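These protein sequence lines are chains A and B, in that order.
Just so we're on the same page, the working numbering is the position in the first sequence counted from 1, plus 222.
Just so we're on the same page, the working numbering is the position in the second sequence counted from 1, plus 1.
Treat the hints with care, as some may be off.
For each label pair, taking beta carbons as the anchor points, the in silico distance ranges come out as [to be verified]:
# : chain 1 : residue 1 : chain 2 : residue 2 : range
1 : A       : Pro247    : B       : Ala189    : 15 to 25 Å
2 : B       : Leu143    : A       : Thr481    : 34 to 44 Å
3 : B       : Ala260    : A       : Ala504    : 14 to 24 Å
Anything over 12 Å on all C-beta distances counts as not near chain B; from chain A, calculated [as the list claims (entries may be wrong)]:
#  : residue
4  : Arg300
5  : Thr303
6  : Ile322
7  : Phe336
8  : Ala352
9  : Glu379
10 : Pro384
11 : Glu477
Hint data in this document are derived by calculation from the structure and do not stem from the laboratory.
Keep in mind that this is a model prediction, so the values were computed, not measured.
Think of the CB as a built atom: it goes at the ideal place given N, C-alpha and C, for glycine as much as any other residue.
What follows is the residue order along each chain.
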Amino acid sequence: MTAEAARVGGGARRRRVLSGLPLLPAVAWFLVFFLGPLLVLVAFSFFTFRGLAWVPDLHLGNYVEALTDAGFRTILLRTVTIALFVTIAVLLIAYPFTYIITFIFPRRKQWLYFLVLVTLFGSYLVRIYAWRTILGAEGVINETLLSVGLITEPIRELLNSPLAVGIALTNFLVPLAVLPIYSAMQNVSPGLLEAGRDLGAGRLHLVRTVALPLTMPGVRVAAAFTFIAAAADFATPALLGGASGRMAGGAIAREFGQTLDWPLGAALAITLIGVLVLAIGALWFVLGRLAR
Amino acid sequence: MTALNRPHAGSSARPRRRRTRRPWLSALLVGAVMLFLFAPLIVVVAFSFNSIPRMSLPLAGLSLQWYQGLLEDPEVRQALTRSLIAAVVTALIAGPLGVLAALGLRALSERLRTIVLGAMLLPIVVPGLLLAVALAIYWNGLLGQRYSLSVAIAGHVLLALPFVILTMNAAVSSFRFSLLDAARDLGAGPWQAFRDILFPLIRPAVEGAALLAAAISLDEFIVTLFVGGRDTTLPVLMWGRVQRSVDPSLNALATTLLAATTILALLAARRTTVKL
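Pulled out of the complex, with its shape left as it was, chain B reads as follows:
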């Protein structure tokens, strides 16, 4: 059994491997799947720079006119502002809540921690539409609140929290808590130990988790649609316009949204080690 578990045992002794018999077929399959996954994104990005409104291949020429149109559109600018506010506020709330929760989880026994963590991941599994209609009833039907951006942000925080907690839980689990013990033994108060020892060491993960929360908020559509009221964010604005027509300026809007969420997610990935 030990020989079986060593993947490359004897590979130098036997250079002829059957596994490389038809790698081109495998490569073709991987390439086809990648093409299928990226095709819609490539189309949107490519046509956002097209110089004519017709969506025909090959592209006619390069132009930034659709982006210029976006910049001059007051509705888009308002929606962009709201989206940015929501993203920043979501990160500022979900970040600290998630960091605290991950620290609190460490104090629980192994079994209890698994249960609490599992419960906190539930918002990922519950369909967005169900949460959206539940929040709509809750805020207006039960609490009598008007729908607004703030109400939507409460939902964004809820949707971002599981990811922040996952990220922070991974970061905190590799932290040596004996360092905190040492700091306390040397006379540091709890706050000082947190500020000078724990926080600097988990800081990249905290930044990454906050960026991830911002990306989730920026991309969030369905809760905002149901409880955002007239406070349209970029995805909700796009939703409204897409239903009307295929308009080339939508490609520019979609590309902007895509670039923003992807960059945030990539920045987050560089700071964290969590394997989702």
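For reference, chain A alone in the conformation it holds in the complex:
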């Protein structure tokens, strides 16, 4: 028997013990509870909300309202701005951190990486709440400064601001960005950097010309993850943003919680997705330019 014949025989036999049939329950779950709802969401965005009910008369009115309403435009612009700043901050923290643990402390990198993963599972809501207890008027920073006597009035601007939202989102999303950057960086040979150093290149120059181009796919994924998660977040601006930190997530949730105008809410959600796709496309382009 030739090697090829043996392989073909093995393949045939494998088909006997394995079939694609076990995939069906999971696929069904995805169709019924994922694809179905998303398609219904799209359909609803073309409906009309009238007299506490939804009329399936397909039209574009909700999208016109979503794009022309000044309030929503302001919120959308702020959402993109905050998400952009958060993405930049997250990359500026996650990339050097991952680079350092991979190439400067290679013997401790797995342990440090594991610690970062642990914080990824440190409950989302708990973290947002924690920033409230840290930044609030009766929070850790203000209470401590008051008791030391450095201030006589609590600094109220710490909480309920876009800055508070940005800090909390950055804090929450750094671990998420470390994941893809870390796995991309494990493919960069330390010897390559070593050779560059021996040839007289500085550390920063090596990062820009060697490490960054090689890890760019990971950086792009990290940027996209971070941007999506930051722009579509709903709990962080609600708990930390106040009036000046309202973001698109809150506006969408409002149509579902208070006004019950689901078709408009659905149109707002899909508009947000469209903006996200455009923004991420731009982000990928800019990052690609950076690596050249």
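Given chain A, put chain B in place with the hints provided.
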């Protein structure tokens, strides 16, 4: 090029390395990032044991009064029960579905497998809020169902499935399927081959994946908020209370939630080899 690929080539010959010139600066940066990542968690845990309600540093003294308050709060106990039910049911559904899916993926060609696996990972990328409002419309607007814990659990399973499939796919890909061939050749039926050969060998990964699913369910907030109706789970209860005030008993509630998800995730990590 071969010399370049050997990271430690010649390191003993040249003990003077420039890479160790300023390790304290690097160590400082790593320390600062770690402090930033852990600060909120440390604050919540520390103040949950504080003896006075004021959140001022340094801590006044140790006390378990906030935990005692939680235990006596009927709302918290109800929410805890619901959270535990959701976690167990999610693990019991997502676990088997994920194991089966990972086995089914093996039967596909390399290309098809990549596509199907990629599609099944989509719930990780789609923003939680979008899924939550889509499910809200779907269940109530289309199917006319009332929101409840069961409806929320269907969402939990969907969110846990990608992670279960990733974990199981990694475990199954290192399994030698020739063992199953051998079992079949020796006369075992498909079910017997699965039960006696495959399952015992992938069992740690199955347990790990189920624990991960439970952790995801326990931590899930946004889908439950939108489709859970009046069936409040612990995170949703916390959400409601946080909006009202900064209350020291919330620190105890948050610490409990944090401890539960972290322990489950650590137990899961010990049983699996998947690199997320």
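Consistency of the hints with the structure:
no.	hint	in the structure
1	A:Pro247 x B:Ala189: 15 to 25 Å	holds (24 Å)
2	B:Leu143 x A:Thr481: 34 to 44 Å	violated (20 Å)
3	B:Ala260 x A:Ala504: 14 to 24 Å	violated (41 Å)
4	Arg300	holds (16 Å)
5	Thr303	holds (18 Å)
6	Ile322	violated (5 Å)
7	Phe336	violated (8 Å)
8	Ala352	violated (3 Å)
9	Glu379	holds (17 Å)
10	Pro384	holds (18 Å)
11	Glu477	violated (8 Å)
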